[in-house]
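Based on the sequences and whatever the hints tell you, model everything.
One-letter residues, chain by chain:
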Amino acid sequence: MQEALYRQTAPKMLVVCMRYAKDTMEAEDVLQMGYVKVFQKINEYRGDGAFEGWIRKVMVNTAIESYRKNLRSMNVVPIEDAYDQPSTGFDFSRLGMQDLLKVIQKLADGYRVVFNMYIIEGYSHKEIAETLGISEGASKSQLSRARAILKEEIIKMEGINYATHAG
Amino acid sequence: MQHMQDKELDQLFKDRFEAAEIQPSANLWNSISEELSVKPRRSLPVYWMAAAVAVIAVTVALLMPKTEKMRLQAPMASIETTPDTAVVTAKTSGQLNYVNTSATEKVQSTPLIIAPRIKLSKREKELAALQPNATTDRPVIKQPEVVKELVKVEPKEETPKQEVMMAKADITTDNTDTSVENEHQENKGIRNMGDLVNFVVNKVDKREKKFIQFDTDDDNSSLVSINIGFIKFNKKSDK
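These protein sequence lines are chains A and B, in that order.
Per this note's numbering, the first sequence starts with residue 1, numbered consecutively.
Per this note's numbering, the second sequence starts with residue 1001, numbered consecutively.
No wet-lab data here; the hints were simulated from the structure.
Predicted, not measured: the structure shown is a model, and the values here were computed from it.
Ideal placement from N, C-alpha and C gives every residue a C-beta, glycine not left out.
Check each hint, because a few of them may be wrong.
[Said to hold, decoys possible] Computed beta-carbon distance windows for the label pairs:
| no. | chain 1 | residue 1 | chain 2 | residue 2 | range |
| --- | --- | --- | --- | --- | --- |
| 1 | A | LEU71 | B | PRO1045 | 30 to 38 Å |
| 2 | B | ASP1006 | A | LYS57 | 22 to 30 Å |
| 3 | B | LEU1062 | A | GLN40 | 31 to 39 Å |
| 4 | B | SER1025 | A | GLY53 | 21 to 29 Å |
| 5 | A | GLN40 | B | MET1049 | 13 to 21 Å |
| 6 | A | ALA50 | B | MET1049 | 31 to 39 Å |
| 7 | B | LYS1206 | A | GLY122 | 49 to 57 Å |
| 8 | A | GLU130 | B | ARG1191 | 55 to 63 Å |
| 9 | A | TYR45 | B | VAL1053 | 34 to 42 Å |
| 10 | A | LYS126 | B | TYR1047 | 35 to 43 Å |
| 11 | A | GLU127 | B | LYS1206 | 40 to 48 Å |
| 12 | B | GLU1018 | A | MET25 | 51 to 59 Å |
| 13 | B | ASP1006 | A | LYS69 | 25 to 33 Å |
[As the list claims (entries may be wrong)] If you only want the chain B side, here are some residues facing chain A, beta carbon under 8 Å, derived:
| no. | residue |
| --- | --- |
| 14 | LYS1007 |
| 15 | ILE1022 |
| 16 | GLN1023 |
| 17 | LEU1196 |
[Stated by the list, open to error] The following residues of chain A were derived to be distant from chain B, with all beta-carbon distances above 10 Å:
| no. | residue |
| --- | --- |
| 18 | ALA10 |
| 19 | ILE64 |
| 20 | ARG68 |
| 21 | LYS69 |
| 22 | LYS106 |
| 23 | GLU127 |
| 24 | LYS156 |
Given below as structure tokens:
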């Protein structure tokens, strides 16, 4: 019963954990913690909304919790001057989920968490600020930094993809 | 379009991650189910505690008013004397009954058939089940010691010159109170709700000051001590 539920939902939940983690190992640690919580709190599920959505929420919370615990002394962010690179037309279709995962995992922890929470999970800056114990301004600036870095990386990648395809 | 727009970027990530799946390591489920099977053991004592608390609440509600009434009506002396006689009569009547019934059984049974013997032993069991009231009841254990105490105290007062007797008497009189009390706490079986609660609490709580204890000397239980962290109550230490 529990195992069936796990088998059915784990692949999707691992993607959620991967987005928040630096690598697969860290992601699977979070996935394990998350499922232990899911099965321990399963009677707290009130039946409103999709069950998978509830599991996802538990996973996201576990990932954020794990990020906060691991928060290294100052969470040093590499100061790259991210800039908008001009480019002529993107062909996103060649960019797969794995590519984006690679890019997102390269981000500094703080950027990654804010980007995930705001863009994918749809939290507001206020909620992010409260959850992470930072100011709303910090949340906003981290998001714009994260976006800039991601764009840069994607354009690089796109260039490589394009080159390999063309050549 | 020269620049990648924020919206574009956001949408790209949303789309790619929405229904994406990655298979976790094959052994991950095993670690999860292992972790799940360990946790429930920890929470078990909590259920025991909850059960004990429920039993205690009912017991206190049912038995507290009764004991108060008993104490108001019955003076201490009569309590001490009545059990002795009661036991004697109970014991003798029990034995008489047993003899009578076993005798009649024998008369009824035919010596050549084995069946009556089984019937007889069955009868003995039934009688044995009825016996404890007379044999294992508290006053039987207590009785000799009370008598000893009385016997040894009297010589001490009347003939103080007998030094040996006096020394003995001192030791015994000092110890009788505590030893009687200890025997009470250890030797008695479960006779009422107070005993049941004490039994459960003893199983769960190994501390010296149990989180709840009942005095079950009289037939009804009275609360002796509570120790639930912030609430501490001890009848004995109050005295």
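Hints versus structure:
1. Taking 30 to 38 Å as the suggested C-beta distance range, the pair LEU71(A) and PRO1045(B) conforms, at roughly 34 Å.
2. A hinted range of 22 to 30 Å holds for the C-beta pair ASP1006(B) and LYS57(A), which are about 26 Å apart.
3. Distance hint for LEU1062(B) and GLN40(A): a CB-CB separation of about 36 Å, consistent with the stated range 31 to 39 Å.
4. Taking 21 to 29 Å as the suggested C-beta distance range, the pair SER1025(B) and GLY53(A) conforms, at roughly 25 Å.
5. Our hint of 13 to 21 Å for GLN40(A) and MET1049(B) holds, since their Cβ atoms are close to 19 Å apart.
6. The hint said 31 to 39 Å for the Cβ distance between ALA50(A) and MET1049(B), and at roughly 37 Å that hint holds.
7. Taking the beta carbon of each, LYS1206(B) and GLY122(A) are about 51 Å apart, inside 49 to 57 Å as hinted.
8. For the pair GLU130(A) and ARG1191(B), the beta carbons lie near 59 Å from each other, so the given range of 55 to 63 Å is met.
9. For the pair TYR45(A) and VAL1053(B), the beta carbons lie near 28 Å from each other, so the given range of 34 to 42 Å is not met.
10. One distance hint, 35 to 43 Å for the beta-carbon pair LYS126(A) and TYR1047(B), holds here, with the actual separation near 41 Å.
11. As the Cβ distance of GLU127(A) to LYS1206(B) is approximately 47 Å, the hint placing it in 40 to 48 Å holds.
12. Taking 51 to 59 Å as the suggested C-beta distance range, the pair GLU1018(B) and MET25(A) does not conform, at roughly 24 Å.
13. A beta carbon spacing of about 31 Å between ASP1006(B) and LYS69(A) agrees with the range 25 to 33 Å that was offered as a hint.
14. Interface restraint check: LYS1007(B) against chain A, minimum CB-CB distance 10 Å, threshold 8 Å, status violated.
15. Of the supplied interface hints, the one on ILE1022(B) holds, with its beta-carbon coming within about 5 Å of a beta-carbon of chain A, less than 8 Å.
16. Restraint check, GLN1023(B) versus chain A: the minimum CB separation of about 5 Å is within 8 Å; hint holds.
17. Checking LEU1196(B) against chain A by beta carbon gives a least distance of about 30 Å; that is not within 8 Å, so the hint is violated.
18. Interface exclusion of ALA10(A) from chain B breaks down, the closest Cβ pair being 5 Å apart, not more than 10 Å.
19. Listed as a non-interface residue, ILE64(A) keeps its Cβ farther than 10 Å from every Cβ of chain B; the least gap is roughly 16 Å.
20. No Cβ of chain B comes within 10 Å of the Cβ of ARG68(A); the nearest lies about 21 Å off, and the non-interface call holds.
21. A cut-off of 10 Å between C-beta atoms confirms that LYS69(A) is not in contact with chain B; the least separation is 17 Å.
22. Residue placement check: LYS106(A) keeps its beta carbon more than 10 Å from all beta carbons of chain B (closest about 14 Å).
23. Against chain B, the non-interface label of GLU127(A) holds: every CB pair exceeds 10 Å, the least being about 17 Å.
24. Listed as outside the interface, LYS156(A) is consistent with that label: its C-beta sits roughly 12 Å from the nearest C-beta of chain B, beyond the 10 Å cut-off.
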